[in-house]
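Assemble the whole structure, with the sequences as input and the hints as a guide.
Each chain, written out:
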Amino acid sequence: MSETTGPRMLEASGLRSGYHGVTVLKDIDLDVGNEVFTVLGANGAGKTTLLATLARLVPLTSGSIVFRGDNVSAIPAFETAARGMGYVPQERGVFPELTVLENLNVGGMIGERSPEERMREVFDLFPDLEALQGQMAGTLSGGESRMVACGRALMQDPALLLLDEPTAGLSPLYVDMFFEKIQEIHQDKGVSIILAEQNATKALEVADRVMVLSLGESFAVKDAAELTTDQLKEGYRI
Amino acid sequence: MNLDWLDAFLISGLFSVVVIVGLGLLLHLQLGLTRIANFGVVGFFGIGMYSFGVLFTKVDWPFGDFWAFLISLAFGTFVAGLSGLLVGWLIADLDEDGVLVGTLGFATAVAILATTEDGLTGGARGLGGLRFPYDVGSVKADEFLWLIIVSIVVALILLYVWWVHRTPYGRLLIGIGGNEPLARSLGKPAFRAKLWLFAVGSAGMGLLGALFGVMERFLAPENLGIDVTLAAMVALVIGGTARAWGAVIGGFLVIGFFDIIVQSYLPFPREWYGQAIPNIKQIVFGAVLITVLLFRPLGILGDMRRDKLMRRVHGG
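Sequence order for the protein chains is A and B. Here our numbering is used: the first residue of the first sequence is 867, the next is one more, and so on. Here our numbering is used: the first residue of the second sequence is 2, the next is one more, and so on.
Hints are computed from structural coordinates only; laboratory data are not their basis. Cβ coordinates follow ideal geometry from the N, Cα and C atoms, glycine included. Where hints are given, some of them may not hold.
Only part of the chain A face toward chain B is listed, based on derived beta-carbon distances under 8 Å [what the hints assert, rightly or not]:
id : residue
1  : Tyr953
2  : Leu964
3  : Lys1055
4  : Gly1056
Now the in silico label distances, taken between C-beta atoms and shown as ranges [said to hold, decoys possible]:
id : chain 1 : residue 1 : chain 2 : residue 2 : range
5  : A       : Gly1035   : B       : Gly287    : 56 to 64 Å
6  : B       : Gly99     : A       : Gln999    : 36 to 44 Å
7  : A       : Tyr885    : B       : Arg36     : 21 to 29 Å
8  : B       : Glu97     : A       : Asp1096   : 42 to 50 Å
Chain B regions said to be covered by chain A (calculated; three or more residues, Cβ under 8 Å) [stated by the list, open to error]:
id : stretch
9  : 107–121
10 : 167–175
Shown next, in the form of structure tokens:
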């Protein structure tokens, strides 16, 4: 695992957000460096809302988000993406009516390096996608769709990747493969990762630090190795 | 030019087909690619028609007809584009119901304004004084030439649509239609793209409205009925919303059948053409639309890509 005190990739303080007047996130503080930062929590804890808020897809009620030194609290989602924030949603992560190749190309429309070079790297990381490139994304299996969504986010050359439960509902084979890829993306490409997961055992294996979310509040933020089972159970309200 | 071989009804019928094909093509970009159900097509059509007509006939132009005509045409197109920008800004973030009601409301407002603003539009009495920017000797020849000119304009619209399909901009529109939040999270300015699409589409609809007004030579609020929007939509849905050629095939099949074959070549009693045939036309439009949506939801042409997807999803 990499160091936990790298340059501050993302700082958020006092985050409050939600939907239709209902507050989901309550005063969340976050400080992420060059690391794999995992957000754990039970169903309904607010993990998806947290990542969507950081990606600027859910409006803030209060608080601020500073990404790579710039305050991005008030800018739209498409601008955070251009500044190096990649987002992989849990569901509906592909454009079903575009082919795999077209999906990946949509991600490659921003960034400075040549799209061909980035495409090669994505195919090296997910070799299955190269064979599937002409197939409609709407016809892919769950695991294949997640690979496309992840590959497309990497086509943006992100400095920070927000992964929302990338292994939810996948077979054990895909789950193992995804956690290996997450480590590879961080260690080989130097991409910081905020990973929302329910699968605590697997997530803690790849995480540097962890936040346990409970009913929209930050229950604990710790080095992954220091988190005890009792703390986890309390956070999950088990 | 000797045009004895050409039936005046055929010119008029073909002209209706060409205009509806043009509107259907522009609607294809909005509905077929981006899933914006614009039910206000006739509103933008009417804005262009009246802006052009009022400027052309009411201003005492210091130079010849040709330049006055071109300036008025550009003005009509611009005003329609501007109104598209405004309406687009209002509806861009609404859900399907909001878009439907908003665009329908806009078209209704345009028709009401055309009827009530007597001083400017002539109100229910209509606005005369429109004319072709040329004179080639006879009314029929003038109309035939105008049909050719408008066909070229619609061919250019088809070329634009074809080009959009092959560009990253087209993929962006399909992406927005399929999953807008995802498109935004990927750095795509979805709101701006929808606004631009709406402005360009509306400007095109306004241009077609102005060109239509010239052929009519007389602008009346009756031209701004919902049937114009319905005709474009029916043509597009029947041809295939997802394919550039869908509006062309649908337009010729649906509008061509009524405005050319029924109008000129089927031996119905003369008195039917007043009310019965237009009413039957609306009923058939509705029936065909329901049938196509039930049995061929992607239209006659379908969409190779979506067909594959649907087969995979639904089996078969």
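Here is how each hint holds up against the structure:
1. Tyr953: holds (4 Å)
2. Leu964: Constraint on leucine 964 of chain A satisfied, holds at 6 Å.
3. Lys1055: With Cβ-Cβ at 18 Å, over 8 Å, it is violated.
4. Gly1056: violated (20 Å)
5. A:Gly1035 - B:Gly287: 56 to 64 Å: violated (42 Å)
6. B:Gly99 - A:Gln999: 36 to 44 Å: holds (37 Å)
7. A:Tyr885 - B:Arg36: 21 to 29 Å: holds (22 Å)
8. B:Glu97 - A:Asp1096: 42 to 50 Å: The hinted range 42 to 50 Å holds for glutamate 97 of chain B and aspartate 1096 of chain A, with Cβ atoms some 49 Å apart.
9. 107–121: violated (count 0)
10. 167–175: holds (count 4)
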